[in-house]
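Those sequence lines, one after another, are chains G and C.
To convert, note that position 93 of the first sequence is 93 in the numbering used here; the numbers rise steadily by one, no gaps.
To convert, note that position 129 of the second sequence is 370 in the numbering used here; the numbers rise steadily by one, no gaps.
Think of the hints as simulated: they come from the structure by calculation, not from any bench.
Errors might be hidden in some of the hints.
Unchecked claim - Part of the chain G face toward chain C, derived, beta carbon under 8 Å: (1) PRO86; (2) ALA88; (3) LEU97; (4) ASP101; (5) GLU114; (6) LEU117; (7) TYR119; (8) TYR140; (9) SER182; (10) PRO227; (11) SER240.
What the hints assert, rightly or not - List of simulated lysine-lysine pairs, DSS-like, C-alpha gap at most 27 Å: (12) C/LYS470 <-> G/LYS95; (13) G/LYS200 <-> G/LYS103; (14) C/LYS467 <-> G/LYS95; (15) G/LYS210 <-> C/LYS462; (16) C/LYS467 <-> G/LYS200; (17) C/LYS363 <-> G/LYS210; (18) G/LYS230 <-> C/LYS441; (19) C/LYS451 <-> G/LYS210.
Source: prediction; values computed, not measured.
For every residue, glycine included, the Cβ atom is placed at its ideal position computed from N, Cα and C.
There are 2 protein chains.
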Amino acid sequence: MDTKTKRGLRQSLNRRRFLKLGTGIGAGLALGGTGLAGEAAARGKHAKGDEFMEIMHTRRSAREFEPTQIPDDHLQMILDAARTAPTAGNQQPWKFLVVRDEKMIDRIRERALEAQLGYRIKEEMGDEAKATARRQAEDYVAQCTSAKTFVVVLTDNESNYPSYNWHDGPLAAGYLILAARSLGYGSVYYTDSISETIIKDVFDMDDRYKVVCTIPLGIPKEWPAKPDKKDLADLVAYDSL
Amino acid sequence: MDTKTKRGLRQSLNRRRFLKLGTGIGAGLALGGTGLAGEAAARGKHAKGDEFMEIMHTRRSAREFEPTQIPDDHLQMILDAARTAPTAGNQQPWKFLVVRDEKMIDRIRERALEAQLGYRIKEEMGDEAKATARRQAEDYVAQCTSAKTFVVVLTDNESNYPSYNWHDGPLAAGYLILAARSLGYGSVYYTDSISETIIKDVFDMDDRYKVVCTIPLGIPKEWPAKPDKKDLADLVAYDSL
Numbered sequence: 001m002d003t004k005t006k007r008g009l010r011q012s013l014n015r016r017r018f019l020k021l022g023t024g025i026g027a028g029l030a031l032g033g034t035g036l037a038g039e040a041a042a043r044g045k046h047a048k049g050d051e052f053m054e055i056m057h058t059r060r061s062a063r064e065f066e067p068t069q070i071p072d073d074h075l076q077m078i079l080d081a082a083r084t085a086p087t088a089g090n091q092q093p094w095k096f097l098v099v100r101d102e103k104m105i106d107r108i109r110e111r112a113l114e115a116q117l118g119y120r121i122k123e124e125m126g127d128e129a130k131a132t133a134r135r136q137a138e139d140y141v142a143q144c145t146s147a148k149t150f151v152v153v154l155t156d157n158e159s160n161y162p163s164y165n166w167h168d169g170p171l172a173a174g175y176l177i178l179a180a181r182s183l184g185y186g187s188v189y190y191t192d193s194i195s196e197t198i199i200k201d202v203f204d205m206d207d208r209y210k211v212v213c214t215i216p217l218g219i220p221k222e223w224p225a226k227p228d229k230k231d232l233a234d235l236v237a238y239d240s241l
Numbered sequence: 242m243d244t245k246t247k248r249g250l251r252q253s254l255n256r257r258r259f260l261k262l263g264t265g266i267g268a269g270l271a272l273g274g275t276g277l278a279g280e281a282a283a284r285g286k287h288a289k290g291d292e293f294m295e296i297m298h299t300r301r302s303a304r305e306f307e308p309t310q311i312p313d314d315h316l317q318m319i320l321d322a323a324r325t326a327p328t329a330g331n332q333q334p335w336k337f338l339v340v341r342d343e344k345m346i347d348r349i350r351e352r353a354l355e356a357q358l359g360y361r362i363k364e365e366m367g368d369e370a371k372a373t374a375r376r377q378a379e380d381y382v383a384q385c386t387s388a389k390t391f392v393v394v395l396t397d398n399e400s401n402y403p404s405y406n407w408h409d410g411p412l413a414a415g416y417l418i419l420a421a422r423s424l425g426y427g428s429v430y431y432t433d434s435i436s437e438t439i440i441k442d443v444f445d446m447d448d449r450y451k452v453v454c455t456i457p458l459g460i461p462k463e464w465p466a467k468p469d470k471k472d473l474a475d476l477v478a479y480d481s482l
């Protein structure tokens, strides 16, 4: 079999696999309205698409977690899904720093508390206000660092196309968060509470890596209510701004 | 019912809804191993998680599309899913510019061709090489602009926390692409072939909006093969770099 035929066959297999999975009306049209996808189209349904969307719509930012570790096979599935994100010229500039060592989490917690105290306690505050602010900072940081697994998403400044890393980093982090949600785990995209400064310091990182965000993974103590959202119509424009 | 009780009830409903959806082992643990999720855990399966992951793993960057329009209800579902992405302080700094007007697509095509000719044709090339480069540019641009719907993902520099827009923009674009995939549509994340310069010029945009990327949506003519990927192990580090 020559390379072209092999490629054709692979594309054809990929196409069938794609159509089998994509049960939307779109796929139904691509198949000429026949097969599974066509049936779904005829019923006006796209079951897998609906489930997929529902998982997206029920994702929430969770900050406080049960004290249980997530199984390693789930972590591997989540990381494996993160890297399916679009990436400029297939460069894959990612490094996923998994933090599970309690000593490292303790160090993050200490530095996060210092930062929160810095934000919350002001010179001019009275003693009582200072004590309240300290308790709030401690409670907040205890929540933020309650997970047993954290993933720091980094991009490598020595990647093939580093000027595109700002796209690739959030893309992979967003896919990681969705993959976790699909398996029943909560997470949140931290940029400040566990900041780049904290991470770079705790892990003694040089300038090669950019910290995109830090993501705790676990079973949420509570699944937060949906925050208020803008109307979709306010976010969409057609053919001109 | 006081606000706190209402909130508690809503959280409890949200929690049940979440657990119903999240059929992973994680959710099973959260429920104490009972219910639907517990059954899934007992079987060692997480069916919806698997399907979700499979959709992620079979997403590809598609550039050439069938000349069919995607139905408006699907477009709305895709846009609605895009904005479920994480966003700093719930700011939702997005504007999704949907381009379906053929005149506007023609203008994008013209500008994209100019740009490709600029990249590909060099002064020192002979006439034949120039003619070949021109044909290649034309073919490439015809592909890139073959969709009947494009979504330009923008972020608003006047959002609540504009310094976080670089996270929020790619996050929503990535979710949009996945949502499209779940309904059977192909897409790609363009940053260069349809560049910010082209978009700003064609739509006469001022500095208020940043162009994150442009995404064509449609039924792919061919579903590309999976590109070569790095080993997952090379992308992951544990507790230190």
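- Query: Do the numbers back the hint for G/PRO227, that is, is its least Cβ distance to chain C under 8 Å?
  - Reply: holds (5 Å)
- Message: Min Cβ distance, G/LEU97 to chain C: is it shorter than 8 Å?
- Response: With Cβ-Cβ at 5 Å, under 8 Å, it holds.
- Task: Tell me if G/PRO86 is really an interface residue toward chain C, meaning its C-beta lies closer than 8 Å to one of theirs.
- Result: holds (4 Å)
- Query: Do the alpha carbons of C/LYS451 and G/LYS210 lie within 27 Å of each other, as the hint requires?
  - Reply: holds (22 Å)
- Satisfaction of hint between G/LYS95 and C/LYS467, Cα-Cα up to 27 Å: With a Cα-Cα distance of about 21 Å, the restraint between C/LYS467 and G/LYS95 holds, given a limit of 27 Å.
- Can the restraint linking C/LYS363 and G/LYS210 be considered satisfied, given a maximum Cα separation of 27 Å? violated (36 Å)
- Task: May I ask you to test the interface hint for G/ASP101 with respect to chain C, counting a Cβ-Cβ separation under 8 Å as satisfied?
- Result: holds (4 Å)
- For the pair supplied as a hint, G/LYS200 and G/LYS103, is the alpha-carbon distance within the 27 Å limit? holds (16 Å)
- Task: Against chain C, run the beta carbon of G/GLU114 and see if the smallest gap drops under 8 Å.
- Result: violated (21 Å)
- Item | Status of the hint placing G/TYR119 at chain C (closest C-beta pair under 8 Å) | violated (14 Å)
- Item | Satisfaction of the G/SER240 interface hint, Cβ to chain C closer than 8 Å | holds (6 Å)
- Query: If you take the shortest Cβ to Cβ gap from G/SER182 to chain C, is it below 8 Å?
  - Reply: holds (4 Å)
Violated hints for the displayed structure, listed by number in ascending order: 5, 6, 7, 8, 15, 16, 17.
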